[in-house]
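*Asks:* Protein sequence lines, in the order shown, are assigned to chains A and B.
Here our numbering is used: the first residue of the first sequence is 364, the next is one more, and so on.
Here our numbering is used: the first residue of the second sequence is 344, the next is one more, and so on.
These aren't lab readings, by the way, just hints derived from the structure by calculation.
Each hint should be verified, as a subset may be incorrect.
[Stated by the list, open to error] Examples of chain A residues toward chain B, derived with CB under 8 Å:
no.	residue
1	K370
2	L444
3	W450
4	R452
5	E457
6	T458
7	D460
Glycine residues also receive a C-beta, built at the ideal position from the N, C-alpha and C atoms.
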Amino acid sequence: MKGMLLKDSILLKKNMILSAAVFLFIGLLFVLVRISMEHGNLAKDEEIRQSLLSNQFLFYYISPLVLFLMGVDHVAGTIGLDMTSGWMRFLFSETGDRSRYVRGKICFTVLEYGGMLLIAFGYLWLMTALSGESITWSRAGNLSIIWLLCLSAALLQSLLTVGVENKEKAQIIMMIPIILLYFVFSGVMINKLEEMYLNDGSTPLDVLREELMAAQSWLIPAAVIGSAVILTGGYFLSVEFLKRREIK
Amino acid sequence: MEAYQNAIDVQHLTKRFDGFTLGDVSFSVPKGSIMGFIGQNGSGKTTSIRCMLNLLRYDEGSISLLGKDVRTHEREVKAQLSAVFDEIPFHDSLTPAQLSTVLSYLFEEWDEALFYQYLERFSLPKKRKVGDLSKGMKMKLQIAAALSHNARLMIMDEPTTGLDPVVRNEILDIFLEYMQDEEHSILLSSHITTDLDKIADYVTFIHNGKLLLTGNKDELTTQHAIMRCKAAEFQDISPEDYISARVTEYGAEMLVSSRTQAEKKYSGLVFDKTNLEEMMLFYVRREKKEWKP
C-alpha cells in the first residue's frame, strides 16, 4: 500500500499544490478583509463593517470548502489514470490484490483529507483569533460537517470511478444526487426564508446560518454515519467490481 | 513453492467473446524453457495471456502457473511472476528512480541495485520522466522492472514489437541471460518469428483462436519441411500430404508435416529445412490449400 500511496502522491503533486495555492489565495483575501475590518479602510465604514461582521461566519468556511471541493476528484483522477495508463493491468497481473488497491485509494483519500482538515482548522484558528474570538464547538462542528460531506463525495466519486470504469461517467452519476439535494435544500431554504423574512426581515445568509446551527446536532452524526456507510459499502462493492471486471 | 514440471500448464482453455472464440487451447511450458507463442495479430495470443494472468475470466479449461491454479492461488503465484506488455504500464509522470521506490513497496523481493544495473546497461536515464522516453527505452524500462524482483516466470506479450533490430537483439540477449537460472521460464508472445527462432525452446502456434501446433521448436522445424516440385509434378501430389502449397507458374512449394514420410513417398523431390516464419505462413493458409505468393 505504501507504494500506491507514494505513486499517487507523485501523480497528484501538481493538483495538491494547485489546491493549496487556491486555498491560500482565497484565505489570504479573507484574512486581509478581516484585518481591514479591524484596522483598515473597512473599519471606517461602520455600516459595511456591521454587514460583514454579521456574515463573517462565511469567512471561516468558504476557503476550507474550496480546498475540500478541489480534492474531490483527485483520487478519482488517479484511478482514471491507472486504467488508461495500464497501471491497473500491471498491478493486477503482478499482485492480483484488488482489495489492496481499493484500500490504498481509500487510505490516500483519508490521508489527503486529514491533511486538509488540519490546514482548515489552522485557518479557522487564525480567522477567529483575528476576530478576537476562539474556536467554538459550533464552529468546529460546522467545519467538520463540511469536511465529512466533501470526504464522502471524494470517496463516492473514487469508488464510482472503480465501478463504472470511467472518471467522467462517475462525475455525471455523482451529479444526480447533488442536483437532487440542491433542489431539496433550496426548497427547504425558500420556505424557511419566507417564514423568517416575514417575522424579522432575515436575509438568506441569516437563514442559512440559523439552519446550520439548528441542524448541527443531527447533521454531524448523520454525516459521520453517511461517510461510514459510503466507506464500508463502497469498499466492498469496489473490490467486488474489480474482481468481476475483465481487464482487456 | 512446490515442485512442478511445467511453469505454465494450459488445458482446454476456452474464452468466448462476441465475434471471437479462443477455443480449446492446450499447451505447456516446461520449467527452465522459453516458449514462443506465435500467431497473427488477433489470433488470440493476448487473450490467452490475459486469461493466464487472471485478468480475463475464461469460460472453460484450467490454467496452472508454477504448479498452482492461478485462480485459487493468485497472490502466491503472482508473487513469483513478471508480466511484460506491448505498451508500458507506468505513468508518464514517474521517473525510473521514482518507479523503483514505488515498486520496492509492491514487490517483496525488489532488488533496487539490480534495477539500477539494468538502467545503466540499457543507458536509461534515472530522472527523466517515463513519458519522455522513446518506445524502445520504455520497453527496456519495463523489462528492467520485470527482471528486478526475482520472478521465476516471465509472461510477455509482444515485448519486441515496434522495436528496431538492435534493441530487439539486446533484449533477447537479456532473456537468454535470465534463462541461465534453470528455475526460470519464459512465455514470449510474438508475431516476429525470427526472435523466436533465435531464443525459443518450444513454440505454440495459434490461429483464429485455435491451437495449430505446439511442441519443441527444433523437433517441429525438423519434422516439417518445404517440399519443392515443378508445376507439372504438382498434380501428382496428394493434397493430404501437405499443409498448404505456394504455387507459381514454375512450380510449387509445400509445407509437409512429416519430412521422413514425405521423403519416402516423393523421393525425387527437393526438401529444404523450414523455419517458424514459413511454417506460420503455410499453416495460416492451410484451409485454402493452394495459394499464390
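*Asks:* Hint by hint, note whether the structure agrees.
*Replies:* Each hint tested on the structure:
no.	hint	verdict
1	K370	holds (5 Å)
2	L444	holds (6 Å)
3	W450	holds (5 Å)
4	R452	holds (6 Å)
5	E457	holds (6 Å)
6	T458	holds (6 Å)
7	D460	holds (6 Å)
Checked against the numbered hints above, the structure breaks none of them.
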